[in-house]
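Fit chain S to the supplied structure of chain F, relying on the hints for placement.
Number of protein chains: 2
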Amino acid sequence: MLTDIEIAQQAKLKPIREIAEGLGLSENDWEPYGHTKAKLSDQLVEKLAHKPNGKIILVTSINPTPAGEGKSTVTVGLGQALNNIGKKAVIALREPSLGPVMGIKGGAAGGGYSQVLPMEDINLHFTGDLHAITSANNALAAMIDNHIHRGNELNIDPRRIEWKRVMDMNDRALRQIVVGLGGPLRGVPREDGFNITVASEIMAILCLAKDLKDLKARISNIVIGYTYDEKPVTVKDLKVEGALVLLLKDAMKPNLVQTMENTPAIIHGGPFANIAHGCNSLMATKTAAKLGDYVVTESGFGADLGAEKFLDIKTRAGDFEPDAVVIVATVRALKMHGGVPKDNLTNENIDALKNGMKNLEKHVETIESFGLPFVIAINKFPTDTEAETETIKSWCESRNINVALTEVWANGGEGGIELAEKVIQQTESKERNFNRMYDLHDSIDVKIRKIAQKVYGADDIDISAKARKQISFYEQQGWDQFPICMAKTQYSLSDDPSLLGRPNGFTISIREIRPSVGAGFLVVLTGDVMTMPGLPKKPAALNMDVTEDGKAVGLF
Amino acid sequence: MLTDIEIAQQAKLKPIREIAEGLGLSENDWEPYGHTKAKLSDQLVEKLAHKPNGKIILVTSINPTPAGEGKSTVTVGLGQALNNIGKKAVIALREPSLGPVMGIKGGAAGGGYSQVLPMEDINLHFTGDLHAITSANNALAAMIDNHIHRGNELNIDPRRIEWKRVMDMNDRALRQIVVGLGGPLRGVPREDGFNITVASEIMAILCLAKDLKDLKARISNIVIGYTYDEKPVTVKDLKVEGALVLLLKDAMKPNLVQTMENTPAIIHGGPFANIAHGCNSLMATKTAAKLGDYVVTESGFGADLGAEKFLDIKTRAGDFEPDAVVIVATVRALKMHGGVPKDNLTNENIDALKNGMKNLEKHVETIESFGLPFVIAINKFPTDTEAETETIKSWCESRNINVALTEVWANGGEGGIELAEKVIQQTESKERNFNRMYDLHDSIDVKIRKIAQKVYGADDIDISAKARKQISFYEQQGWDQFPICMAKTQYSLSDDPSLLGRPNGFTISIREIRPSVGAGFLVVLTGDVMTMPGLPKKPAALNMDVTEDGKAVGLF
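Which chain is which? The protein sequence lines are F and S, in order.
Heads up: the first sequence begins at 1 in UniProt numbering, then just goes up one per residue.
Heads up: the second sequence begins at 1 in UniProt numbering, then just goes up one per residue.
Keep in mind the hints are simulated off the structure, nothing from the lab.
One or more of the hints may lead you astray.
One copy or any two copies: either way a pair holds, since identical chains are not told apart in the list.
Computed list of lysine-lysine pairs in DSBU-like fashion (alpha-carbon distance at most 35 Å, straight line) [claimed, not checked]:
no., residue 1, residue 2
1, K236, K538
2, K537, K231
3, K538, K249
4, K210, K537
5, K14, K551
6, K231, K538
7, K236, K537
8, K454, K538
9, K239, K538
10, K469, K354
11, K422, K354
12, K47, K231
13, K47, K239
14, K213, K236
15, K537, K239
16, K249, K12
17, K393, K213
18, K393, K358
19, K88, K12
20, K239, K551
21, K14, K210
22, K14, K47
23, K537, K249
24, K213, K538
25, K380, K87
Because the structure is a prediction, the values reported are computed rather than measured.
For reference, chain F alone in the conformation it holds in the complex (with noise of 0.2 Å):
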């Protein structure tokens, strides 16, 4: 069997200005980077605005396990299917963050006859947008300190900088650091830590802006930290928000790319699915929608916290609403989340699908709740058997659920047509009200209780004293009118990874809550979360190369 490399490297890639051409675009609407790749006007939508809006279907899945989901592959394979029968589809997804590249085989480009391409472009630097964010936040990090060694006018306690540096790399021992060492010329010695790049508010704040305004004013209010008498510093009290953005214009172009099929598809922009909001930005999503009549975007995770996000945050913050979502699973992560041990996947055991289903249930529920239209996509495995996959179909079709088998992984979007049929379908049902799961007037405690109970299926949340204090001082700064943005376990519809399946009983512990004021939202914490991932004992890394005239080698 070919893998991903090898199969993306045999494509047949259109000339970007093909792609471009083919959406509509006029020369002044697009810069070729490369000549399969292109930025995007951010101006798009702005000139665009007297045309109607695309459908916007979001892709999301169960709750991930290892045996794998391919919600990127399905996110791909539809939209590809969606060009076959004729209907004119655009993708939009994140940009992969070059550390887990380095680190541990796999990326965020689809796989198998469901990739976008240039694959390794993306994978690796892509038109450097992550490049861009790691500079911006690391310029106003380098401030800070600044301003703190030059004699510290606004008062900044060196404890009480929240600020990070970033690094788009899995490094553990920047986890921790202590910085300004060696005396009066290397700066004030104090406790810090690097987070990755994707990690980074204002990759947050990229994915959330409506344009270079917005941008501007939401890097503005970033919370660097808090002066000796606790009161919030802003990056526009340091006066900074102007350089930041102009490091960042260009990051704010959506970048143009084609699948496999030449598919046309908007990759921008990749924020963490736990402290942040984890998905595509809202630029390449709204740009998307301008230029194609289908737009097929996914959300991180499963629907408890990516799809919730995307719905309670993102729909929020640029003012629109999907038309359908799609439930991605397989029958191998539904085995495993009815208890069966990664190696025994391959065996057939209906039992054990159906208690995994419970899993599939609860999101179902979730996305009714949001008052969405929805089609399950059953992601098939060569190893999966007949019962296996009638077994899921015939649970569906007793509850009324729309559900398809697509086998986009091995043939690309042939292997989806019955998915975009049936997701058309409900793009044009009337069966639709969709609300999201809080008000922004509620208050934190009762937000978190809401998504809890209501996305999760807990009993009770439990706050922290420490998190108790947080929630005061936050409603006194009037950050309460803020969305919430769970960082919880992908793994779990509860706060415990090893929970599978579909828990009960339990309670959400909530920890800690940090303000995200520039992104606009609280990070509500149930646990710990890694911001800075380290590398495996063996890297992927290690099995990487290039060829003497220039192509890549061992990337995955």
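Okay, now just chain S, sitting in the frame of chain F:
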């Protein structure tokens, strides 16, 4: 008077396609990065091997002063002037580093009507080369700490790791840090520090590598530190050379842009001029020589550092020799060398000028002792008096030295025609006998002494006990066959920055010697060298902004 950015934004840029086609390049020889930047294939030198090389003109200067010499401006202006008189010229320059752009007004893109464009892009992220170098450098750092964390099979001594992380930022708080704090999940604690990206050995390597194969060989040879029993540990031992080259494969491709007057300019690589050799990439120079009949390129700082390293390090790595040298000076800077403080430079002062010209005289002698023909370029400022410029001219005439007044800042190529004509004459001069300053087989201390005495005019060198010990260790390792890369103050011919003009009776103190085994040179430190700059009290970033339609403001 208009600022550089205002002049730049008035320029009529040609589409980069026209520039590329003007150089005879076909579709596969280059890739667009936006409409006015391109990356050239890294295989052009090989592809055009049958073509004769253009003449290479090296631009250097007197020891820099705060008064400014305008070496980059003259380099760009001379390229434009050559095109003006019907010659096919290509300029080869270094890429600016983002850190200093955010810190202090000033860049490496020329000035006035002799600038390379688009200056906003060139001074910010450009085509991402520095970001790729940062990533490769830091991937290696993460692999080192991960190796130790995961059992340390190679027996690396954490106290003897020489490889530092880098950031393209002026961030003094990172100069000296402690990493790996916080317990066993957060790596192994050790002292560490960040350099600015341009100080990375990977930058030096990228600038000296002939092709991807050479790049990989040099990266494999990097010594990252030592084992507990003091054996060198290389990148090859860690098996990550393939991944690092993969991260650098696009950064190896030279960047094509144009000047204000549409003269082609290749801007590629920018290593430090103290702990590295301070020239644009060999790839850029060699590619330019295949595309133009004349290549105008520059080296860092004054001739004592930049030209010496260009001639002793870069021309050895690339096995070529320049056809002529231009030595840039200004009346203002020469007066500073003659003892006038910065605030009094607008007053005519012939005595100080004559006194300061001893600095110029030493650099003239140096270029003569390299056996190369040269022209002195007096880069004219509005405040220079005729008596002053006449003083320099008659000094030159009495010594039979070619000299030309240039007004390229104010008048672009038009202002450099006399210089261009004299330079062409010199490239055709038969009086040349290029010989380098030392032989590679000389011992380390003999090489250092030859540079100190012949280039700086020192009486002697004084090698510290530490450096002596290092020399004997490097001799055991076989590293004594490398050329020498001196790290000395750029402000003086001596190692004391306060000694302007032409000091004599001094000794050069050698504090320490560091091996750059991958780059292939020994860095000889004559004092404290700053490899991570800091920000000033009012960083240039405070004035930067972007208009709502994306135009850069306050950048220079």
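Quick rundown of the hints versus the structure:
1. Proximity of K236 and K538 under a CA criterion of 35 Å is satisfied inter-copy only: 15 Å between copies versus 44 Å inside one chain copy.
2. For a Cα distance limit of 35 Å, the shortest separation of K537 from K231 across copies, 23 Å, qualifies, whereas the shortest one inside one copy, 44 Å, does not.
3. In the homo-oligomer, the alpha carbons of K538 and K249 lie at most 35 Å apart only across protomers (23 Å), although the nearest pairing inside one protomer, at 37 Å, exceeds that limit.
4. Taking the shortest Cα distances, K210 and K537 sit within 35 Å of each other only across copies (33 Å), while inside one copy they are farther apart (41 Å).
5. In this assembly of identical chains, K14 and K551 lie within 35 Å of each other by CA distance both inside one copy and across copies; the values are 19 Å within and 31 Å between.
6. Taking the shortest Cα distances, K231 and K538 sit within 35 Å of each other only across copies (23 Å), while inside one copy they are farther apart (46 Å).
7. Taking identical chains as interchangeable, the C-alpha atoms of K236 and K537 lie at most 35 Å apart only when they sit on different chains, with a minimum of 17 Å there against 43 Å within one chain.
8. Proximity of K454 and K538 under a CA criterion of 35 Å is satisfied in neither setting, with 41 Å inside one chain copy and 51 Å between copies.
9. Taking the closest pair of Cα atoms, K239 and K538 come within 35 Å of each other only across two copies (11 Å); inside a single copy the shortest separation is 44 Å, beyond that limit.
10. Proximity of K469 to K354 under the C-alpha cut-off of 35 Å is found in neither arrangement, the shortest distances being 44 Å within a copy and 73 Å between copies.
11. Proximity of K422 to K354 under the C-alpha cut-off of 35 Å is restricted to the intra-copy arrangement: shortest distance 24 Å within a copy versus 87 Å between copies.
12. For the identical chains of this complex, K47 and K231 are neighbours neither inside a copy (41 Å) nor across copies (63 Å), given an alpha-carbon limit of 35 Å.
13. In this assembly of identical chains, the alpha carbons of K47 and K239 lie at most 35 Å apart only when taken from the same copy (31 Å versus 50 Å across copies).
14. In the homo-oligomer, the alpha carbons of K213 and K236 lie at most 35 Å apart inside one protomer (14 Å), although the nearest pairing across protomers, at 48 Å, exceeds that limit.
15. In this homomeric assembly, K537 and K239 come within 35 Å of each other (Cα to Cα) only across copies, at 13 Å, whereas the closest approach inside a single copy is 43 Å.
16. Proximity of K249 to K12 under the C-alpha cut-off of 35 Å is found in both arrangements, the shortest distances being 32 Å within a copy and 22 Å between copies.
17. In this assembly of identical chains, K393 and K213 lie within 35 Å of each other by CA distance neither inside one copy nor across copies; the values are 48 Å within and 55 Å between.
18. Within a single copy, K393 and K358 get their C-alpha atoms as close as 14 Å, which meets the 35 Å cut-off; across copies the closest is 90 Å, which misses it.
19. In this assembly of identical chains, the alpha carbons of K88 and K12 lie at most 35 Å apart only when taken from the same copy (20 Å versus 38 Å across copies).
20. Proximity of K239 and K551 under a CA criterion of 35 Å is satisfied inter-copy only: 19 Å between copies versus 44 Å inside one chain copy.
21. Both within a single protomer and between protomers do K14 and K210 lie at most 35 Å apart by alpha-carbon distance, with minima of 30 Å and 32 Å respectively.
22. For the homomeric pair K14 and K47, the shortest alpha-carbon distances inside one copy (26 Å) and between copies (26 Å) are both at most 35 Å.
23. Proximity of K537 and K249 under a CA criterion of 35 Å is satisfied inter-copy only: 25 Å between copies versus 38 Å inside one chain copy.
24. Taking identical chains as interchangeable, the C-alpha atoms of K213 and K538 lie at most 35 Å apart only when they sit on different chains, with a minimum of 25 Å there against 44 Å within one chain.
25. Proximity of K380 and K87 under a CA criterion of 35 Å is satisfied intra-copy only: 24 Å inside one chain copy versus 65 Å between copies.
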